[in-house]
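Undergrad: If you use full-length UniProt numbering, the sequence shown closes out at 450, no skipped numbers anywhere.
Among the hints, a few may not be true.
[Unchecked claim] Below are the EDC-like pairs computed for lysine to aspartate or glutamate, each with C-alpha atoms no more than 20 angstroms apart in a straight line: (1) 353 - 422; (2) 127 - 150; (3) 127 - 95; (4) 353 - 376; (5) 353 - 382; (6) 127 - 299; (7) 353 - 47; (8) 353 - 122; (9) 127 - 438; (10) 127 - 348; (11) 353 - 295; (12) 353 - 377; (13) 127 - 422; (14) 353 - 150; (15) 353 - 363; (16) 353 - 95.
Just so you know, these hints were derived from the structure itself, not from any lab.
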Amino acid sequence: MDHAAPQPLRLAAPAPLSGQVAVPGDKSISHRALMLSALAVGQSRIEGLLEGEDVLATAAAMRAMGATIERDAAGVWIVSGVGVGGLLQPATALDMGNSGTSTRLLMGLVASHAVTATFIGDASLSKRPMGRVIEPLSRMGAAFTASPGDRLPLMVRGLVPAVPIQYRLPVASAQVKSALLLAGLNTPGITEIVEPVPTRDHSERMLRGFGADLTVETEDAGARVIRLTGEAELRPQQVVVPGDPSSAAFPAVAALLVPGSEVVIENVGLNPTRAGLYTLLRAMGGDIAFENPREAGGEPVADLRVRASTLSGIEVPPALAPSMIDEFPILFVAAALAQGRTVARGLEELRVKESDRIAVMAEGLRAIGARVEEVEDGLVIDGSGGTPLAGGATVAAHLDHRIAMSFAVAGLVSRAPVTIDDARPIATSFPQFIGLMESLGAERGLDVAA
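Using the sequences and the accompanying hints, generate a full structural model.
TA: What follows is the structure, given as structure tokens:
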């Protein structure tokens, strides 16, 4: 993705959006399904796996460490695992592409195995700090050689047996929590993690589903205490991956903003630790109905019916932030079209994502006519009251898939076209995004490979 020619993108909405669509499988669950299936003894089947570049990077890494992973003609992924403790030494560096989740979780996996692995990634991933994972994994006995600033390329040398630790997360991070739990699988004794602010709990749900001895207690102050007993034996499973709520956010917000729209998004995962955006959009006046609620693979799922709505600005409750951390870029677009002021603070985490999402969103929104104030830990946005934004600018996506998709949606409600400088990063999480938006009635202004 670093060397090929950029692929610009414009989307417009000449009429209301309408239709029924399904979004790709949940990215967080897809990563974990592959990793845990590769650590089980026997054959697991995964339906609905997200086939974006990030998840394929995880699959390639698990293959490099001994698992057999194949996709059958029906699109089901079949994984024959090596067992906890059975990872093999990879012959070459593990290329993580743009995936921070793959990198941090696999660092945890390697940390308690007799394996030395080198992690590399693209230009965007190579700027992201890994120190928050290196520090606790080092306490467990793993050795790290990292590039300046604790960045990629980096090498991990695992320790067997690793040392179980008690660790209180200094910042809310499902990736750090999950890295430690994965390291704990092959560590004798109890690995204990205290999570002062709850984050997405896919790892806990799935580890229990695969047979790990894991308990979760909630303290009086609200902190979660997670204890995993190693060394674990994981059993193969049949996993059904629900639709990714982070991907569903883009057509959902588009339907709220384009006048007259009504869209149904099927089979969306609504895990409470991930559904904060939908709670917030409804509080802003968004007409979003959860239809046919059910469970898939231990996760709550529903179909979303979204109708165009007049949104009102809101002060984002800090407690909601961890459950929508990836959705803030598209929330900022919704806020730019709302009535009144939206204040989103306490979002320092957004500065170390695929891009500095606070600065990049502020710059891009201003360029297309939104009123935005950037503060150290977030944004303050004065909405247009539903009036289309001016548009007429080219926005730099900074190799960030969520930035690219957010501004593609902003282009649907702008008077002049909004051009995203390079749509290629979208393939990391949502390869079907452009085609899905076209199926709802959006039109593409500049050609781009979907």
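Undergrad: To test your reading of the hints: which numbers does this structure violate?
TA: 5, 6, 7, 9 and 11
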